[in-house]
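Q: Based on these hints, arrange chain B on the given structure of chain A.
Spelled out from the first residue to the last, the chains are:
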Amino acid sequence: MRFDEGVLDGTEKLIFSLRSLYGEYGYKRYKMSKFEEYALYGRNIDFLVSDSVITFTDTDGKLMALKPDVTLSIVKNDRDDADNVTKVCYDESVYRVSKGTGTFREIKQAGLECIGKIDAALLGEVLTLAAKSLEMTGKKFVLEVSHLGLLDSALSEATDDAALSAKLLECAGGKNVHGIREICRNAGIPEGREDKLVALVSTYGSAAEVIDKLTGQFDERCVKELEEVLSVFEGTPYADSVRIDFSVTADGNYYNGIIFKGFVEGVPEGVLSGGQYDRLMKKMGRRSRAVGFAVYLDMLERLL
Amino acid sequence: MDKMLNIALPKGRLGEKVYAIFEEAGFECPSIKENNRKLIFENNEAGVRYFWVKPSDVAIYVERGAADVGVAGKDIILEYAPDVYELCDLGMGKCRMAVAAPKGFSDDVNRTLRVATKFSKIAKDYYSSIGRDIDIIHLNGSIEIAPILGLSDVIVDIVETGTTLKENDLEVIETILPISARLIANKSSFKFKTEMIEKVAGSISRLTEGNK
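Line by line, the protein sequences are chains A and B. Residues in the first sequence are numbered consecutively from 467, following this note's numbering. Residues in the second sequence are numbered consecutively from 17, following this note's numbering.
Be aware that a few hints might be false.
Restricting the straight-line Cα-Cα distance to at most 27 Å, the calculated cross-link-like pairs of lysine-lysine (DSSO-like) are [claimed, not checked]:
| hint | chain 1 | residue 1 | chain 2 | residue 2 |
| --- | --- | --- | --- | --- |
| 1 | A | K606 | B | K110 |
| 2 | B | K182 | B | K215 |
| 3 | A | K633 | A | K542 |
| 4 | B | K140 | A | K633 |
| 5 | B | K19 | A | K598 |
| 6 | B | K110 | B | K137 |
| 7 | B | K27 | A | K565 |
Read the hints as simulated data drawn from the structure, not as lab findings. Being a predicted model, the structure only gives us computed values, none of them experimental.
Next comes chain B alone, as it looks inside the complex:
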């Protein structure tokens, strides 16, 4: 059995910031900073193996045990509902899941609300919690243009600064929930690599304390 701790990090800016924290916590892997196209990096001494994966896939790698731990946004965790442990809130990559609509929009409750989103489950759960009948239009990107083209009435999406919304004449009409990055662990790995995962979770949680 593999004794290394396998860590899935989300490719991109957030992932790089997260790696910096892992490094500070003592799980460094210098080769990761070499500028190349490799996706897997190992440090046998520290007992860690990192890999970069698409942010929305981190939860899958962890749930299926290909990674023992990983860092994923709460949005991804809610959308895929993976059967994993959520060990700590890093308080990084903060944003919110929100409903946005063209400026001046008023919801006609006589009609089914058409919602365009990448996050079908989150949207469904939210609207069923308030008892609103909706139709979901699942898109994979450029969600903001859906209301402009009349494809949908509103969108459910991640809002960071709101600039993209503003530039497309949209505004947030409801915040569904705040989002931030979470440290997740595979349930089975946690049993067999308990000490190492506890060590990671403990130090990450201490180092990110100030972010909350």
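One chain only, chain A, in its complex shape:
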């Protein structure tokens, strides 16, 4: 079969480029059904980007849903081989509520999941693939890496109240230092207990720079982990595009450890999002660890 590459639009070209990139690294393509039993999402509703799901009753009376997310389906069907590594990649449509119209939209996503025995080398590989995915847009990009373990420990130093923690994490996500201070003041938290969180949020930049500042001040194991994982970029052309920024946050009920977000110049929001989700695996009764990311192709449409 032969065809002229010119018939492909920008998004399609990117999809195929990503597919072949992930293939080179041993990721097997994962094809899944459009529908999934609703119960899978109902149990993990907070894991979803938006909590609305299109549902319908199948001919056998089962409540079904149009996939709002890919990761949960992949985890559900994974064999849970915690001593080896399963690498899968996908490009699929998901159905989510759009913020602008407030109605459902079909959104194209590409991405990968790495499940099983995850070590620093594999985390480095996933981050490398995230950087390469962003590079494929042909635009200037920034990959921001954060560590949920460090955020968690800074949060627990300020408060053990879950609702307050969630508010503080939201402020951290907005680089809102005055907000963090105000919340703590209003909640009667002794002054200074929020300092670690404020320090984390105010510390961002190149990996070497930030790790230098964190060493000796924060949880050593987490800092070491960040350092080890990010060492994969040393001496590569990506070194300047990878930064540490603790305004990248995620729901601690599902995620843990390394989390990251990708931006390309000219697109106002993050176009790539990912991280380790060992806690989701545990919740679903798995022994394996896991990490993955998704590229939001719809946001790149205008760029390609």
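A: Chain B in isolation, oriented as in the chain A frame:
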């Protein structure tokens, strides 16, 4: 890619005061003071482009990246919950979000409370935090007349001096939260114009230190 820093300012008195601070911080744009109906002003030397937009739209311009930074009231930020960075509290345009009711009002908890407001989300969040069942009547202005006409029991609105309330026989029965103007930045712009945005945030924060 546009190397200029795009700044959205809220049209009106607050915006003019905010511009004065930007000017003091070294991001001047003399053409903005010319008395005309233009909405966009540039100063290539300082690398800044200002535009005046409706105050409640600033957050949208910034979230969507049409502006790299902007100044918006905390009320707008809470109401629209834009995905942006909130870099500093200017301590200007201070007021409070409050619940007001006709003088002598007492809340009958047996009934659904009817709340008229421009700020539906803030009102919903507040009443759900205290577990009160309410109905929202979304209005776009002249909120104060809603209780007088029996359209609502109370209103949730911004209160500055309280004069409008007093003149309409209303009084504040609860303060929800204090409001002031905030410097916000688009998340993606922050990555690619880091230095310039840091410079703006740093100088604005220094110059408004005394307001807090």
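Q: Determine for every hint whether it applies to the structure shown.
A: Taking the hints in turn, this is what the structure says about them:
Restraint check for K606(A) and K110(B): the C-alpha separation of about 39 Å exceeds 27 Å, so the hint is violated. Between K182(B) and K215(B) the alpha-carbon distance is near 43 Å, which puts this suggested pair outside the 27 Å criterion. In summary, the hint linking K633(A) to K542(A) is not supported, as the alpha carbons are separated by about 31 Å, beyond the 27 Å threshold. Taking the CA atoms of K140(B) and K633(A), the gap is about 17 Å. The hint holds against a cut of 27 Å.
Pair hint K19(B) plus K598(A) holds up; C-alpha atoms about 25 Å apart against a cutoff of 27 Å. Distance hint between K110(B) and K137(B) is fulfilled; the C-alpha atoms sit about 20 Å from each other, no more than 27 Å. For a cut-off of 27 Å, the pair hint linking K27(B) to K565(A) stands: about 26 Å separates their Cα positions.
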